[in-house]
Each structure stands twice: as structure tokens, then as C-alpha cells.
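Participant: Following the hints, position chain B against chain A.
There are 2 protein chains.
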Amino acid sequence: MKKSLPLTPVAGNGLLDRRLFLQSGLVLGAAQLVAGNAKAAAARPEWMSVPGEPFTLYGQPAQFEEEVVRYPAPNRVLRNNGASWTPLHRLEGMITPNGLHYERHHNGVPQIDPAQHRLLVHGLVRQPAFFSIDNLLRYPMRSQICFVECGGNSNAGWNKNPSRAEAGYFHGLVSCSEWTGVPLSTVLSEVGIDKKAKWLIADGADAFAMNISVPIEKAMDDAILALYQNGERLRPENGYPLRLILPGWEGVLNVKWLRALKAVEKPIMARNETARYTELLPSGEARMFTFTMEAKSLITSPSGGMVLKQGPGLYQVTGLAWSGRGRIKQVDVSADGGKTWAPAELQDPVLPKAFTRFRIPWQWDGSPAVLKSRAVDETGYVQPEREQLIADRGRQGFYHYNAIVTWGVDEYGEVTHVYDTEQKQSGTDVSIDADWD
Amino acid sequence: MKKSLPLTPVAGNGLLDRRLFLQSGLVLGAAQLVAGNAKAAAARPEWMSVPGEPFTLYGQPAQFEEEVVRYPAPNRVLRNNGASWTPLHRLEGMITPNGLHYERHHNGVPQIDPAQHRLLVHGLVRQPAFFSIDNLLRYPMRSQICFVECGGNSNAGWNKNPSRAEAGYFHGLVSCSEWTGVPLSTVLSEVGIDKKAKWLIADGADAFAMNISVPIEKAMDDAILALYQNGERLRPENGYPLRLILPGWEGVLNVKWLRALKAVEKPIMARNETARYTELLPSGEARMFTFTMEAKSLITSPSGGMVLKQGPGLYQVTGLAWSGRGRIKQVDVSADGGKTWAPAELQDPVLPKAFTRFRIPWQWDGSPAVLKSRAVDETGYVQPEREQLIADRGRQGFYHYNAIVTWGVDEYGEVTHVYDTEQKQSGTDVSIDADWD
Chain A
8 MKKSLPLTPV AGNGLLDRRL FLQSGLVLGA AQLVAGNAKA AAARPEWMSV PGEPFTLYGQ
68 PAQFEEEVVR YPAPNRVLRN NGASWTPLHR LEGMITPNGL HYERHHNGVP QIDPAQHRLL
128 VHGLVRQPAF FSIDNLLRYP MRSQICFVEC GGNSNAGWNK NPSRAEAGYF HGLVSCSEWT
188 GVPLSTVLSE VGIDKKAKWL IADGADAFAM NISVPIEKAM DDAILALYQN GERLRPENGY
248 PLRLILPGWE GVLNVKWLRA LKAVEKPIMA RNETARYTEL LPSGEARMFT FTMEAKSLIT
308 SPSGGMVLKQ GPGLYQVTGL AWSGRGRIKQ VDVSADGGKT WAPAELQDPV LPKAFTRFRI
368 PWQWDGSPAV LKSRAVDETG YVQPEREQLI ADRGRQGFYH YNAIVTWGVD EYGEVTHVYD
428 TEQKQSGTDV SIDADWD
Chain B
8 MKKSLPLTPV AGNGLLDRRL FLQSGLVLGA AQLVAGNAKA AAARPEWMSV PGEPFTLYGQ
68 PAQFEEEVVR YPAPNRVLRN NGASWTPLHR LEGMITPNGL HYERHHNGVP QIDPAQHRLL
128 VHGLVRQPAF FSIDNLLRYP MRSQICFVEC GGNSNAGWNK NPSRAEAGYF HGLVSCSEWT
188 GVPLSTVLSE VGIDKKAKWL IADGADAFAM NISVPIEKAM DDAILALYQN GERLRPENGY
248 PLRLILPGWE GVLNVKWLRA LKAVEKPIMA RNETARYTEL LPSGEARMFT FTMEAKSLIT
308 SPSGGMVLKQ GPGLYQVTGL AWSGRGRIKQ VDVSADGGKT WAPAELQDPV LPKAFTRFRI
368 PWQWDGSPAV LKSRAVDETG YVQPEREQLI ADRGRQGFYH YNAIVTWGVD EYGEVTHVYD
428 TEQKQSGTDV SIDADWD
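Each protein sequence line maps, in turn, to chains A and B. Numbering-wise, my numbering comes out as the position in the first sequence, counting from 1, plus 7. Numbering-wise, my numbering comes out as the position in the second sequence, counting from 1, plus 7.
Take the hints with a grain of salt, since some may be wrong.
One copy or two, either will do: identical chains are not told apart, so a pair holds if it fits within one copy or between any two.
[Stated by the list, open to error] Here are the simulated lysine to aspartate or glutamate pairs, DMTMM-like style, with alpha carbons at most 25 Å apart:
1. K346 with E394
2. K225 with E352
3. K316 with D229
4. K336 with E301
Just so you know, the hints here were simulated from the structure itself, not pulled from any lab data.
So here's chain A without its partners, still in its complex pose (with noise of 0.2 Å):
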């Protein structure tokens, strides 16, 4: 017999501990149970009396989940320039499906012939090459499980007032996949990269002609050239046919439609390493080439929005951890706005730079609760609070916002973005839909 464990929390305000397997007649937390005879209770419902529907080539979600979709912010003035969130909140495990990846454009999204696709990979080297799909196709792969993350995610948490949106619509640019494809490494060896050159200038084949500068040494260690998301060939909007994939790194960097890589000494200063993607600090200085996306994590479930409508009982709290350092080591809950943590349950695999679910299961006595939780990277580095990324970096950042994500949870069981430790915040609306350019 299993030693059981018992409900006793192991935090306050109801934690409790997260190995705990509910055993036989301890809770019936959520069960109805069944008065008389179970049978003639199985009453067989409709669908059980009609043939059903057919074969599909390529399946779909279900009507009733219509509403779990992305939800985009184009531009006020180009509408092909924008994002759309991943909606996190209703979505568990660490695979964000290829349909809900989240999109960053600066000018829609290229309708590619991979026939007509060519990757040219020329500057100092020794021999500048061209590479089709189909020459790409024949070279060992390799596959990586990892986040991708725009620099701009969660900077509504940069205003004074919280958000009203849903978690994933607020921290939802986002997603995790399995990328395939041949590591850039092989490719810069094909051609011969001169010991001059520190910098690969990345070239997007999208309206925008987007443009990056790449360190070298990142691109010979782990960046990949991607035909594969979750195992199909890209999608349009992921950088079809091919994509840089840069594990753990800002978003931005990782170039869609990917055609030119040109290996050069100094970075090119692009607009979008100069005028964005840098962050203005107190002192007046800016922050340039922030690459890694540092440890962060979000509770999902229960999160913005959400009501606890089946009143006080068990409840699961689940959210998702993420570090560009590498694996998340630990996931701490805290049900009393950070008074006591208890240390979640993290889902196996820990991979790393990649999603880890957390889940913690959780007692609601029916009263006012605030739920915060932080991530621990394998480097030791700890999840901010607010006011201490505040405290850093200003106000005026407006990308790399990695701070503890608090929700309050009122004594109706609704919850929803606080800053402080109070249940209830009463600041008005804030927009979501960044001013993207």
C-alpha cells in the first residue's frame, strides 16, 4: 500500500503538496455522485444513434472549440504588420499546436513556391553557395523541442494599471514546437566561413525584407535551418519553407523566410537592432543585442478571466516555465500573494530551453487567494518580482518584461491581473494592442 500523503497544505492559503495522488475517499473533489442504479443513469446520448462523420486528409479542431484561437493586433495603419497571441490559457501540456503558434509580421506573410526558394550563404567565405529546398532536404537533421518568444511579449505588464486581457493574450507571443531541420553549422562548413568574420547578416524573403545581424558563434552552436514545426513542414506564417531558429533567443532573431546569410565582421545596425529591440534604461543608456530570454513562467490555469464557478474545492494549478539559459530547475506557487512558496510539480521531460509545465494541486477555501509563480533557471537565475525589474531597468524598456505574474482570485472566484497583493484592483482598462511598427 501507498504511504498516504496527507491534504494538510504545504503553503498557505491551501497548497498542497505537489506529489499528492489523490487516494481512495479523500476528497471526491469534483465527482457527482450516483444516486441508484448507475446503468439506467447512462442514459445513451444522441450521437450514439447516428452513423458519424467521415474520413478527413487533414483533421480540424472541433466545433465547440471555435473560440480557442490566436488573437491578433495588426497595426492601426499597416495592417500587415502586427502579432497575434497564443491563447496559453486554454492550452495544457508543452506542444503549442502549429495552427496556435504565434505570429510576428512586419508586412504579411509571403506566399513562398519552396521550388523558387534559394538560400544564399555568401560574404567572407570561400566558396558563396546556393542552397534549394530540395539540397537542404538531403542533408543529416537534427530536431530541437524549444520556445520561441518575441522581445516585445508581456510588455503590458510595463504599464501603471494591470491587464484585463486573458493570460495568453497578454504573454501569449510565445510557443513552443519541435523545429527540424539541417544545423546552420553544417551549411557555414560547406561554404567556409573566413576566421574574419564574427557576424552573419540574416535576410527574410517577406515585403518588409527583413534584416538581423547573427553573432557566429551562436550560429556554429545550436542555430538550426528550419523546414519542420512538429513534424509537417512549416507554415506561411512560421517562415515557410525555411526559418533561422536561434534556441532561447529573442524572437526577432529567428528570420522567416530565410534567403541570404552573409558573413561579415561588424553587425549591419538594422533598424530593428537600433530604433527597436533595444531598450532605453534609467542611466540614459540603451540596451543593445539582448538576446537571451531570461527565465520566466506564468500560471495558466487559474488566470485573467477565468471564474472558479464550481465553488471552493480542488482546483489544479498549472502554468508553464521557460528559460533561453537553458532547463528550468524549479517552479515555486505561492497562493498568499508571496508570503509562503510551495515548489510545483514539473512535467518530465525538462528540456532545455523549452516550455516546462508546472502544476500544483490547490485547496480553495471559498476565500480571497493571490496567486504568483517563479521560475529558477539550471543557472540559478530567479524570476523577478515587479517592482524589482522596475527598479532595473525603468519604464521605457518596453521589451523583455520577465516579472512575476500575479492573479487575484475574489471571493466569487473571479480572477483576474493585480500588481499588489490585494484581490480586488479597481485601475481602469488597459489596451493590449501595442503599437506594433
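Facilitator: Then chain B, alone, in the frame of chain A:
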């Protein structure tokens, strides 16, 4: 400096060291050299001149990938009964995207309203109970990346003549997803299972009224009441809103549209565990309750129907291996019909009861070759040659075909399925439209 690995083959007919990452100047296997000015050569494609397509709520594959679909084979009489195959030969990595997960239905796909769906758990229990989807969503969950494989997968391998189907349409009644849901042991503990109960009878809510017997040990071990597949809620054709997942076990036991679990002393001896999903052995006895899917592997590229159209040179040989008993330990590849073998690289993470992607570089010299792969799992089980499997099981089995798959490559680079070590086979075509019933 990294020490160069030799291009000397490690096994017959051009198999190269699995750790070979191409070094400068070694191969230039597939690139197209640029003559003259590289920049001038890189003319802007037409899609850089027009704004791209707008944001989408739920993305779809590229129009150029419209041939990457499932292959449905409905029963000739009852059109809603049959199977559809995953195009494994068009995929890479370990995850199968949800739109391409294989299907096996007995009377079509029911369209179930999740608000009305209930799971009844009854029989030899202390307290029978209903669980709505909302009830289940409150319990702490577990995720597992694992394959689901139909017991009848690859059954064309029993035929006298080699199959002319592409690899996925021959072996693709297997797919691999991240499944997330409530551990079945949690729910069974809630209702209190009687010690006399040895089996659970699982009922589906489809118009076939699927039912089958599951040993209680498996139910209490790693079974999952799955609500999510690859991050999002289940697709209708894979059991929406609730599916029983038994990692590593025959697909038919992973009951879709799960509506009831009854704890009993003996199996129900349903049609799908007596007349079907059993195997007549040479001795005249029948194998029954053959739950575990044994180790198997398959080269997905190059594979049947493909052509090495770029001629002699470097190619990636890649495929999938999996075992219902646990982790894959090793995959050996042969290019000379099994005379010599070399170990392939296994892609991390290697997970129990999940697809494991293997890869090995191959220098094709343009002469006929015969490719094979052979999986070994962590229990030491070795995937058998076809002759051995037939000697053990006879040819009346239909189910559980897991023999080594052999692809012949001719001097034109055309790849076909063969049974012997000759590169060209003259057998007549066989139908892959199995008589699903």
C-alpha cells in the same frame, strides 16, 4: 579545432559515421556554387514586392503542401468504418501534427457536445460517480509524449508480394503526440475500486458503441484520461472530448469518446477482443489480449516511391523507431541488405513508448543498394526479420506485424519495397485497402 571524422564508410555501401557533421571542404554535397557576383545572383523574388497575407485565427499548412494528407481507406460496404494512414514519409521529427494523426473508426466520428458528455465510473466500486469534462479539468494532470498504434498496422507485410504503397500509407497506422489529461488512477481512487475487480470495461460514445476490456493493473499504472493532444483539446477523430490513453498498448484499447468504465472480475469478451484483434498461430491456437506493441522501426526517407533524383552523393537516411515496452536503445541501419550494419544517431530526447527519430548519413555511389533498419529496445528485444516473424506466427495473423522493412534502391535512384536482397522486385501490386470491419 574539432578533429575531422573520416568519410570512410562505417558499414557496407556507403554508410558514414552517425556523428559526422560535415567539415569545411569535405563534401559540398548538395550546394549550388555561385559563379561570379553573389549579390547580383540573388535577385529579389516576386513575393518581396507585394504585401503578404493577413493574420489568421487558426493557421493551416502551406498551399504547396496540399499532398501531405492522410490516406483514408473506408470499408467498401460501411463507409464510416475503416482507417486513414499518417503520411510518415512526408514528416520529420517525433511529433505527429494533430491534423495528420491516423484514424481508425468503426462507425464514423461522433460530434459530441462536451457540455453534455459524462464519464460514468461504476461496477465493483465503493461509490459510482459521473465526471463531466468540467469536473475532470479540475484534477491535477499528467502529460506523456507517446505513440498510439493500431494492432493492424503494417499488415500488408503479411502479403505474398511487397507493397507498392508509400511508407506512411503502409505503416502509418501509428502516430505520436503529447497527450495530457487526468491519471486514470486518480479517478479510480476517487470511486474506490473493490479488490475483486481485475478488469475495466471501457465504452465509447460512438454509433458503433465500442467496448473492450482493460486490465486493472494497466489502468492503475500509466493510463491517462486524455483531454488534450499536442497542447490543444482532442480532435473529434481522436476521441473529443475524452479518450483513454494506454501508453504502448494496442490502439483499439485506447478507447475514443470514452463514456463509461465498469470495474469487473472478468473480461467482457467483446467482438474486438475475440473475433478481431486476436491472431491465429500455426499451432491452431489463437493469441488473445496481445496488448503491448513490440519494437519496430522504419526508414521513412528514402522510402518506397521516392527517387534520389539529384544522383549519387550524400543523403540523409532517417526514420522512426518505437517500442511499447519502453525506450529505444539502438537502431542499426544497413545499406547492403543486412550484410553489415552501422548504428544510427538517435535524436534526443529518447522517451519511453514514444517515436524515436534516427538518422545516419549515406554516400550513395549510384549503384543498387538495399536499405534496412533494425530496432532494439531497452528490454533487449530485437526487431525480427520477416522470415523469422512468419516462422513464429504464420501468415493468418493480420495483427502485430513488426518485421524489418526493406527498401531497394535501383541504379536510377528509384526506391521500392522488397522482400529479399535483390534491388528490383517483379511482384504484382497488392491492395493496401485492408478489409476493415
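Participant: Identify every previously stated hint that the structure contradicts and give their numbers, smallest first.
Facilitator: 3
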